[in-house]
Every structure is written in structure tokens, then in C-alpha cells.
Amino acid sequence: MSNGKTVIALTGATGFVGSGVLDLLLEQGYQVRCLVRRGSRHKMVMHRNSYWVEGGLADWEGLGELVDGADVVLHMAGLITARTKSDYEEVNSIAVDTLARAAHKANVGRFVYLSSLAAKAPDLSLYAWSKREGEYSLKNSFPKDKSVIVRAPAVFGAEDVATAPIYACIRRGFLPAPGGRGWQKRLLSLIHVDDLAEFLAKICVSQLHDGETVSPSTRAAISWPDFAAACSSARGEEVKAIPLPLSLLYPVAGLTTLTKAITGKGHLTLGKLGEFLYDDWSVEAGLQSDTDFSLALKKTLDPK
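Take 3 as the starting number for the sequence shown in my numbering and just add one per residue.
If you're looking for bench data, these hints aren't it; they were derived computationally from the structure. Model, not experiment: these values are computed from the prediction. Heads up, some of the hints might be wrong.
[Unchecked claim] Below, a list of computed lysine-lysine pairs in the BS3-like style, where the Cα atoms sit at most 30 Å apart:
hint, residue 1, residue 2
1, K7, K141
2, K267, K122
3, K107, K146
4, K187, K300
5, K204, K141
6, K122, K204
[Stated by the list, open to error] Here are the computed distance ranges between Cβ atoms for each label pair:
hint, residue 1, residue 2, range
7, K87, R173, 30 to 38 Å
8, R40, P245, 41 to 49 Å
9, K187, P253, 22 to 30 Å
10, K87, L279, 16 to 24 Å
11, K87, Y252, 14 to 22 Å
All residues carry an ideal CB built from backbone N, CA and C; glycine is no exception.
Can you build the whole structure from these sequences, using the hints too?
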């Protein structure tokens, strides 16, 4: 796609990942349209090549304006945590269908959807289920050979609010890990926010991975003890992996699940605990970046 002429429509452009994608695309001279919620004008990045459409993911008129004349749609907006199943479904599944149908109607050439690695195990949590449903929505509403599904593993970076408590613990010398039988053998995969932003920006303006479901990473597979060792290297001081007993985690998660349904607050629900206890979140190493994992951790732990 030719630089300066391609029009890319983004959702989630003001978020943790999306802001980095927006910066990269603008630096490369692409014309970028971004959907922003009404009342969030203060989040807009003003640039000669950026155009902001105020509206929501259920706003057919706003979505029509967003995709009209666009060459590519990159859909990054979504809910990581929500009070109810219907909340997850509305944003992570139905909104994908609505946007995909709008893009197809407008003859958009390609659709890139930022899903989650959690979608490979949809029975674990409402979040995982909703992301898998979002993938189905895209496949049913937009040509498969012109779309890409990106199942991102756990994203980390200095400005991530969701993982901030974990990295605060690491700065104090310990990595809290979900315990239970065989906890040392559980595998994670992780991607630094800069690597994910670079990957998304790249596939927006290329024909890479059309018709595929892919998982980029900074570290394709790592155990909790090895994660702690990498944190030790990044800090220059020892970080110990501390397994938290399930006898503690399950009651806490149960209480959080209840309070979240009432107040909307809390993160470690039973569903989220199920994700933490899953045996194998590793991904294929073919799309692992060249970024030094310890340096990426250091940027996260000490962003100054």
C-alpha cells in the first residue's frame, strides 16, 4: 500500500496499545481515521493526517463515517473486564459484527482484528468466550481471505494499568504466581506493547497473514520461574517467584466475582483465575520479535 495515500480506520486508538499504533502510522505518513467516544475529545491526537469520528461501537452512522473510503480497518477496541456476560458480548462480539458489516458494505479492502490468546480456550472465562465470539463475528461478516485475526498474548509495558500491581511486586523483589500442582511448569507468552504496536502497524499496510490467525510475541514461551529469572536480570537484583496457594486464591476470586457483579470493580474473578491456572499459553516462536526480553522488562520496571 502506498504511503500517504492509504486510509486506515482505527478503533481503540486512544488506548494502551492503540496510541502506539496511531503514532507509528502517522509517523509513516498514512492517513488515519479514529473512532473516539463522545466526551473524549481531550484524548485526540491532533495531526494533519488524523481525522477523528465521535461515536460508539454501536453507532451505525458513526461507523459508516469511520470506514467510508478506508482501505483498512484495524479494530482494537474491546473490554478486558466487565460486570456481566451481556456487557462482554455487546463490546467484544456484537460490535465486531457491526463494524465488520459496515466495513464490508463500504468495500474496505482488509480488516485486522486484535483479539486475545485467551480466545483459544473460550470455556475459561466470559472474557475468553467473548473474544472467541468476536472472531466468529468477523468470519461471518467479512471475507476471510481479506482479514487477519491477531491473538495477542499477555501485553506488558510501563503504562499498563491492569498489570501494574504485578510489576509493583516485582520491584519489591517477588513475582506472585498462581500456585497449585505443577505451577512451575505452566507456560506463559508475553508481548511488549511496543512490539505489538509495531506488528499491528506493519500488517495494516501489507498483505501479511491475510486469512490467518496469528500470535506475535516478545517471548513465545516462558515458565513462572524463568519469568522471575528474567525479572532478576532486568532489575539487577533477585526476584523470587512466590506461588500463591489455591486455598487463598479461590476464596478471593469468588468474593471478587460477587462484588464485581454488583459494583463493577475488581479484577481477579473466578474466570480470570481460570486463565491464570491454564497450563499452556505459549505460542509458536515464528512471530517472536528480536526484542531482548530482559530489556523490555527493564523498560517496564524502570521507564525513566
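Using the beta carbons of K187 and P253, state whether their distance is inside 22 to 30 Å or not. 25 Å, holds
Can the restraint linking K187 and K300 be considered satisfied, given a maximum Cα separation of 30 Å? The given pair, whose Cα atoms are some 24 Å apart, holds under the 30 Å limit.
Would you mind confirming whether the straight-line C-alpha gap from K107 to K146 stays at or under 30 Å? OK: K107 and K146 at ~15 Å, within 30 Å.
Restraint check for K122 with K204, where alpha carbons must lie at most 30 Å apart: 24 Å, holds
Given the hint that K7 pairs with K141, does the C-alpha gap stay at or below 30 Å? Given that 30 Å is the threshold and the Cα spacing comes to 28 Å, the pair holds.
Between the alpha carbons of K204 and K141, is the straight-line distance 30 Å or under? At roughly 22 Å apart (the allowed maximum being 30 Å), K141 and K204 satisfy the hint.
Indicate whether the distance between the beta carbons of K87 and R173 respects the range 30 to 38 Å. 36 Å, holds
Is the Cα-Cα distance between K267 and K122 30 Å or less? 26 Å, holds
Outcome of range test on Cβ distance (K87, L279; 16 to 24 Å): 21 Å, holds
Outcome of range test on Cβ distance (R40, P245; 41 to 49 Å): 45 Å, holds
K87 paired with Y252, Cβ distance criterion 14 to 22 Å: 21 Å, holds
In the structure shown, no violation is registered for any of the earlier numbered hints.
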